[in-house]
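Peer 1: If you want the building blocks of each chain, they are given just below.
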Amino acid sequence: LCFIPGGLDCSISFVSHVLGKVCVHGRQKEILGVLVPRLTDLTKSDCIWQRICWRLVECVPDRWMEAVVLGFVQRAPGADVLSRLLGNLVVKNKKAQFVVTQKMLLLQYGHATAVLQNLLGYLSLDSLRRTLLLRVLQELLETWGSSSAVKHSPPEQQLYISKAILICLSHLKEPEVESCRQELLTSMMEGVKCHLDSSLPQLRRLGMVVAESISSKINTEGPVLKFEYEADDETRELKSLLVQTPPFCVVPSLADDDRSENAAAALPLVPESNEKSHAAAPVMPYEESDAELDSDDDLIPYNMSEDKELKIKAPVYIRDCIEVLTGSEDVDKWEATVKALESLIRKNPAATREVSVELAKILLHLEEKTCVEGFVELRQRAQVAVLTTDPIPVARYLTSQFYSLNYSLRQRMDILDVLVLAAQELSCPKFHGKTKHSGAQKPPIQLLPGSDSSKDWRRMVDERIKSKTRRFNMGQSHVEPASSPNEFNSVAGHFFFPLIQHFDRPLTTFDLLGEDRLVLGRLVHTLAVLMYLAVNTVAVMAMGKALLEFVWALRFHTDSYVRQGLLSCISSLLLSVPAERILADMTEELLETQSWLGDVVEKDPDGDCRRLALQNLLLMENLKKKLEAVPS
Amino acid sequence: MALPPPDPQFVLRGTNAAVHTLHFSCGGPDPDIPVLFSGSESGFIHVWNLKTHRVDTALDGHGRKSVYCVGTMGGKDRLLSQGRDQRICLWDLAEGRTSVTDSVFTEHVGFCRCSLLKVAQGRWLMAMAARSLEEVQILELPSKTSVCTLKPEVGAKLGMPMCLKLWQLNCGSQPVLLAGYEDGSVILWNVSMGKALSQLDCHQEPVMSLDFDSEKAKGISGSSEKVLSIWSLNEQQNLQVYKTHELVNAGISDITIRPDKKILATAGWDHRVRIFGWKKLKPLAVLDYHTATVHCVSFSDHRNPRERLLAAGSKDHRISVWSIYTQT
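Those sequence lines, one after another, are chains A and B.
Mapping of the first sequence onto the numbering used here: position 231 corresponds to residue 231, and the numbering continues sequentially without gaps.
Mapping of the second sequence onto the numbering used here: position 297 corresponds to residue 297, and the numbering continues sequentially without gaps.
Take these hints with a grain of salt, some might be off.
[What the hints assert, rightly or not] Calculated pairs, BS3-like style, for lysine-lysine (alpha carbon to alpha carbon, straight line, at most 30 Å): (1) B:Lys226 - A:Lys313; (2) B:Lys279 - B:Lys118; (3) B:Lys315 - A:Lys311; (4) A:Lys369 - B:Lys315; (5) A:Lys333 - B:Lys65; (6) A:Lys311 - B:Lys282; (7) A:Lys308 - B:Lys279; (8) A:Lys308 - B:Lys226; (9) B:Lys261 - B:Lys279; (10) B:Lys280 - A:Lys308; (11) B:Lys243 - A:Lys311; (12) A:Lys226 - B:Lys157; (13) B:Lys315 - A:Lys333; (14) B:Lys262 - A:Lys308; (15) B:Lys226 - A:Lys333; (16) B:Lys226 - A:Lys339.
What the hints contain is simulated information worked out from the structure, not anything from laboratory work.
One chain only, chain A, in its complex shape:
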């Protein structure tokens, strides 16, 4: 379809009709693939061709306008080209306006970043269209800032909207920023709140990046908002959107100005610091003057082999440790005690058992007195050591404290982490060395603690599901010659049931079903892990039943992190409870669960939830098949 209209007076409307019909039938790519480059060349300098092009698109009937406009926006190699091709179509034609400003931005989210750049750049290039740009920005910010949108829309859509916002910001000129500064500020504050509330780290990061960008735009001088987060590819990409590199520098964007100013400021700093170090300390090479008689040789050194690094001795007895940690003013000793505590506990189990609950209490409340490296990890390992040495009383203490007043969120989540790590150690003692590394958490650097351990566990469960084989000896290994009994067997119930008991009873400072969704999410993940580790224990049936009830009560929770946890619980349940028992005792519940899972697979907005639900359905299928395969 080589398209070269000849003659300047011919009616274009026929051509428009053909174009529209072809596009609407889905052949955008082919026709526009030829048309757009050709028109790009023709309209580069020729005004008449530009006007012809505009007429062309304007005459496309409304019912096909969307397809045509979409095609053009996607195909155009740049915003300026789009501007030449479409002219002020969006201002003149209502349908085009709707497609560009609403549909492509708010209702769809599958377009590439380049398409967004085209679209928003196009809106910014003409004064008539700039009002549309501002309106678009407002609507985008409204969506970005709405808490229901943050909670319910998929992360991909939120990323898309964030990108659009950043690109809009990059196009804004100074007077426009002035005029809508107040609105920008309000939207930013609301939006940041919803985003930081979310339990998914990706959404929190998105919120932080966008808020930082808005803040840097509206506060050109003075302190800007700065969050701490790990820069990854996504955030870097987002930040790069803020800086526009226009093909022709009409008005350099504000971000560019800032950047050049910063570069200029960096230069005078460098020579200044050079002046400052007067004697830049050129270290003279140590010259060997052989000619000089060395009178130092007369001095014979004494034996200095005893000269070693000074080590403050840590206490050797557990009770002494308790004394040091609770009362001592000597910070050196305190530090040494903290570092030595875990190994002391493990070497003296009998002595630890005498004071286990007291020690657990001290550790739970222990705060960093001096700057010890890895304090959080040291404390956690000591807690795990105490818990594994004397599981029942300490577990009872910790689970009761989980539901008590006046603990911080961090402490409650510490309790959960310690329970998980101890359970892991008790159930697979052979991995004693390995678990310390994989299970130990790194100190949180983010605004809210990350869910590292739950990701690890998810991976482990995934691997298990993939392998599709049930290993009957969880606590022992065929490789390891010396096998030890699964110590988790006798205490699994003590870890599990107290945690699940009080989740629906709100306290003044702690409401799992209300605000403290993050802790609920962590609790659910913890229960999933405990269930997983309880395979082959006596309590596993009872645990399974209780867990199923728990999951059932919470299955429609609005927070996606919680839902992911609930689905992990189901996975653990299906993996740990023996297949025959599941089918025998829990048939009805299983059927209900199956239908719920089916719903989740189809309707849940979160991709991870859908995936987990699908895995669970597969597991159930496998179970059924295995049982049917066994001859009765």
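Could you slot chain B onto chain A? The hints should help.
Peer 2: What follows is chain B alone, placed relative to chain A:
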């Protein structure tokens, strides 16, 4: 096979408080009794008789506030002491007297020890940290007139002066001051003109102590980190780092070079006194006697080289006195 390090020749007990400063006065002709002055945290200055190893006199002149610097001005009858009561006291100890003849109110709340230099018969210069944060004041004693105030340039951010050393190349030349500051730098000041000649960044942490050998134009400084820094002064009066030496444990409270410039001693936070050869900083001995931080070391000024002693005062209330490398 190297010999094990020697034991102290004797140990002086009786201060009942951490010992912060020591000064020998043994240069007098016989039958003058060699003495050791010690200043302690309880505010007392003890005068130790080195023949009987007992306290002859205890001087109380700083209101029970810690005494962190003692020195003599021409013999053991004229004592100078500096304490945390923000005062420098001048004592007259001749013929059994124990009176404070004069005092200077420094208004300095830090720990910077003052430095004395004899410039003429009966005339001394004293450098001390003043009230203002970064300044060092030079006074003439006994007249107590201010010679000059050494102010670093605005925005220098040196912090407090931590240690001072006044010296002059020979009797007629200009006195100069070496000052170590909180930011780890050492500055060489020209006292008469009152301006800085050279600055050297030797340490990352505050300079705790320094000492200087005017003959070789080489000096050494220690700080709270593990590094000893040796620097030299060239003809243009510029300081340059000559060498650094890494220690086993961090923290040096005091450094002093023996008057014959053969060895030097460092007092460490790791309870140990280390002896180095001054020429090449060769480690010679580690004297491990004390059970707490060693706050000060001092060499004696005996005329007979064989009688020379080294004293170390520590937080464990004891003063250990050693006879080491006396043969050279």
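Peer 1: With reference to the structure, classify each hint as holding or not holding.
Peer 2: The hints, checked one at a time:
Simply put, Lys226 of chain B and Lys313 of chain A have alpha-carbon atoms about 21 Å apart, close enough for the 30 Å limit, and the pair holds. Taking the CA atoms of Lys279 of chain B and Lys118 of chain B, the gap is near 26 Å; set against the 30 Å cutoff, the hint holds. Simply put, Lys315 of chain B and Lys311 of chain A have alpha-carbon atoms about 18 Å apart, close enough for the 30 Å limit, and the pair holds. A hinted pair counts as satisfied when its Cα atoms are at most 30 Å apart, and Lys369 of chain A with Lys315 of chain B qualifies at roughly 24 Å.
Proposed proximity of Lys333 of chain A and Lys65 of chain B is supported: the alpha carbons are some 28 Å apart, at most 30 Å. Simply put, Lys311 of chain A and Lys282 of chain B have alpha-carbon atoms about 25 Å apart, close enough for the 30 Å limit, and the pair holds. For the hint pairing Lys308 of chain A with Lys279 of chain B, the CA-to-CA distance comes to about 24 Å; that is within 30 Å, so the pair holds. The suggested pairing of Lys308 of chain A with Lys226 of chain B holds, with an alpha-carbon distance near 13 Å, which does not exceed 30 Å.
As the CA atoms of Lys261 of chain B and Lys279 of chain B are separated by approximately 8 Å, the hinted pair is consistent with the 30 Å bound. Only pairs whose Cα atoms come within 30 Å are accepted, and Lys280 of chain B paired with Lys308 of chain A is accepted, the gap being roughly 22 Å. Simply put, Lys243 of chain B and Lys311 of chain A have alpha-carbon atoms about 28 Å apart, close enough for the 30 Å limit, and the pair holds. Taken as a hint, the Lys226 of chain A and Lys157 of chain B pair is honoured in the structure, with Cα atoms around 28 Å apart against an allowance of 30 Å.
A threshold of 30 Å between alpha carbons decides the hint, and for Lys315 of chain B with Lys333 of chain A the separation of about 18 Å falls inside it, so the pair holds. Of the pairs offered as hints, the one joining Lys262 of chain B and Lys308 of chain A holds, with about 25 Å between alpha carbons and a cut-off of 30 Å not exceeded. For a cut-off of 30 Å, the pair hint linking Lys226 of chain B to Lys333 of chain A stands: about 21 Å separates their Cα positions. The straight-line distance between the Cα atoms of Lys226 of chain B and Lys339 of chain A is roughly 23 Å, inside the 30 Å bound, and the hint therefore holds.
In summary, this structure violates none of the numbered hints.
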